[in-house]
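Dock chain B against the given chain A, drawing on the hints supplied.
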Amino acid sequence: MRLGRGALVGGLALLLLLSAGALACGSSGLGFGEGGGLAWLRLPRVLAALAAGGALGIGGATQQGLFRNPLADPGLTGVFGGALLGLALLLGFAPAFAWGHAWALPAAAFGGALGVSSLLVVIGRDGPPHRLLLTGLGLNAFAAAGTLLIANLAPESRELLLNGSFGDWLGMASPELIVRPALLCLIAGGLLWTLARPLDLLALGEEAAQAAGCDLRRLRRRAILLTALAAAAATCLVGQMAFVGLLAPHLARALFGPRHRWVLPVSALLGATLLLLADTAGRAAIPGTPLSAAAVMALLGAPLFIWIARRSHG
Amino acid sequence: MDDATLRLERVAFEVAGRRLLDGVGGTMWPGEQVALVGANGAGKTTLLRAVAGLLPTTTGVLSATGLDPRTASPADSARRRVYAPQHPDCAWNPTVAELGELAAQPAAWLHWSERLALTDLAARPLATLSGGERKAAHLALSFATLTEPYGALLLLDEPTAALDRRRQEIVHQAVRAFAQAGATVLVATHDADWATAFPRVLALEEGRVIADGPPATVFNADLVRAIWGGPAA
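From first to last, the protein sequence lines stand for chains A and B. What the first sequence shows, in my numbering, is residues 25 to 338, in sequence order. What the second sequence shows, in my numbering, is residues 8 to 240, in sequence order.
Bound-form chain A, shown alone (with noise of 0.2 Å):
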């Protein structure tokens, strides 16, 4: 039984109503504040959760339809530590140039990103599945080896990128340092769900997706630009983080079936929503003892992620 727009509707509205109960939640107990002042103070947390949570969602659910892959996450595959490397770069060396410029942050997040998918291309493309993941994890030691070098050489952005490679960066959010990676993720999300009928044909392999018209040049193209662009925007929102990617896209196929024209956008809901389930519980299941989305997602993600992998080998 697959579900169709009532229940893709019904998450919206699911999703609006976690939204307020992040708003209202936090290490000092529940409530808005006086005025809903701690609402107001912690809504770019919970947007930038949103907005980073769809673009690693429709991320994932893209880069697992390109490679035909189920074990493709941009998190696991390099993209997103190829976009903090990015950011370290930039951080560490021209520190003033990055906070100087508004854009500068999201285009070096960008540049690190795409130059990961591409190489992920280049060298693991072809081949069984594992030779992709494997590629992408060698990858993503490479770069997080990189960002590590470069903070221990740049003091002054050491525990920022730090906090960014243990995916920690969602509690300085505010709205001047997120609102141009979250409309960055927009686009990048609005531009991949075209890409959705490409993807359904390539399901099919390769030799008949181009039999049946699909442009393989084009569609990669323009899946791994819009891939890394999503990659960029929401490292620079939350950090690193992994599985959120991976796990929305199963959960999506396993509810909607498997076209693209489904997957894509579910994906995108989903992985805001346990982004922001993910960030919530973070920071108010243990009082006064904060934890990073990302340590939650990934003992969420973790054995699932094992899970997934006996079984596309099963």
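For the record, the hints were derived by calculation from the structure and aren't laboratory data. In this text the structure is predicted, and so the values were computed from the model without any measurement. All C-beta atoms in this analysis are idealised placements derived from N, C-alpha and C, irrespective of residue type, glycine included. Keep in mind that a hint or two might mislead.
[As the list claims (entries may be wrong)] Label pairs and their in silico Cβ distance ranges:
| # | chain 1 | residue 1 | chain 2 | residue 2 | range |
| --- | --- | --- | --- | --- | --- |
| 1 | A | Leu215 | B | Val22 | 32 to 40 Å |
| 2 | A | Ala31 | B | Ala111 | 20 to 28 Å |
| 3 | B | Val68 | A | Ala31 | 49 to 57 Å |
| 4 | A | Gly162 | B | Trp36 | 49 to 57 Å |
| 5 | A | Leu215 | B | Ala111 | 20 to 28 Å |
| 6 | A | Gly57 | B | Thr126 | 56 to 64 Å |
| 7 | B | Thr64 | A | Leu323 | 48 to 56 Å |
| 8 | A | Leu240 | B | Ala233 | 30 to 38 Å |
| 9 | A | Leu240 | B | Asn47 | 24 to 32 Å |
| 10 | B | Ala111 | A | Gly55 | 51 to 59 Å |
| 11 | A | Ala326 | B | Ala111 | 38 to 46 Å |
| 12 | B | Asp127 | A | Arg245 | 40 to 48 Å |
For chain B alone, kept in the frame of chain A given last:
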């Protein structure tokens, strides 16, 4: 300018120093049904893939529905040409009905899924079907894509392999019906009985055309032995 659906002259394709197609030639017209026969490795699938535009390094003159498939955009090529591969595949394990949603025209999908006895399987994921049922579902999708047959080109690679007798007969009828409606149908097959029922047979050996004509003249004892290992049925 001519009305040929398919024109091949000195078509050659080489991979890793091995010639898989070697000077293939032939012209096919609207309404023609052509069986492509040959032993394993003769080049049947390679020729179909070359005509479908999937082998861009193919050399020679190649024109399919008025386009050079090597340089035409995939969308333009696919407008008048359908290619059904020998081993179709689909990621994400859709149901039969979800596979059918890829067809451009839902009515055409309903028609072919009914004819190929897939209606009762509509809600079943492809992974739960037999090989023959899966093949039938992919064939229904290919047939449903060809909504305007006149002047179109239908390339079928072993379409009846793995199908039961009932579905094989439906495919035979479909090929005849598409040809009667003006499509050119080129079918690679190992089915000796079916191949002899085609008005025209193109025989390949080591990438070369060794015979081209009506089955009565093409199927001599040597050719039959080379392909099927014995006299024709």
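Quick rundown of the hints versus the structure:
1. A:Leu215 to B:Val22: 32 to 40 Å: For leucine 215 (chain A) and valine 22 (chain B) the Cβ distance comes to about 37 Å; the hint holds.
2. A:Ala31 to B:Ala111: 20 to 28 Å: 27 Å, holds
3. B:Val68 to A:Ala31: 49 to 57 Å: The hint (49 to 57 Å, Cβ to Cβ) holds, given that valine 68 (chain B) and alanine 31 (chain A) are roughly 54 Å apart.
4. A:Gly162 to B:Trp36: 49 to 57 Å: With Cβ atoms ~55 Å apart, the hint holds.
5. A:Leu215 to B:Ala111: 20 to 28 Å: 24 Å, holds
6. A:Gly57 to B:Thr126: 56 to 64 Å: Holds - the Cβ-Cβ distance for glycine 57 (chain A) and threonine 126 (chain B), about 60 Å, lies within 56 to 64 Å.
7. B:Thr64 to A:Leu323: 48 to 56 Å: 51 Å, holds
8. A:Leu240 to B:Ala233: 30 to 38 Å: 37 Å, holds
9. A:Leu240 to B:Asn47: 24 to 32 Å: 28 Å, holds
10. B:Ala111 to A:Gly55: 51 to 59 Å: 55 Å, holds
11. A:Ala326 to B:Ala111: 38 to 46 Å: Because 42 Å falls inside the window, the suggested range holds.
12. B:Asp127 to A:Arg245: 40 to 48 Å: 42 Å, holds
The structure meets every hint from the earlier list without exception.
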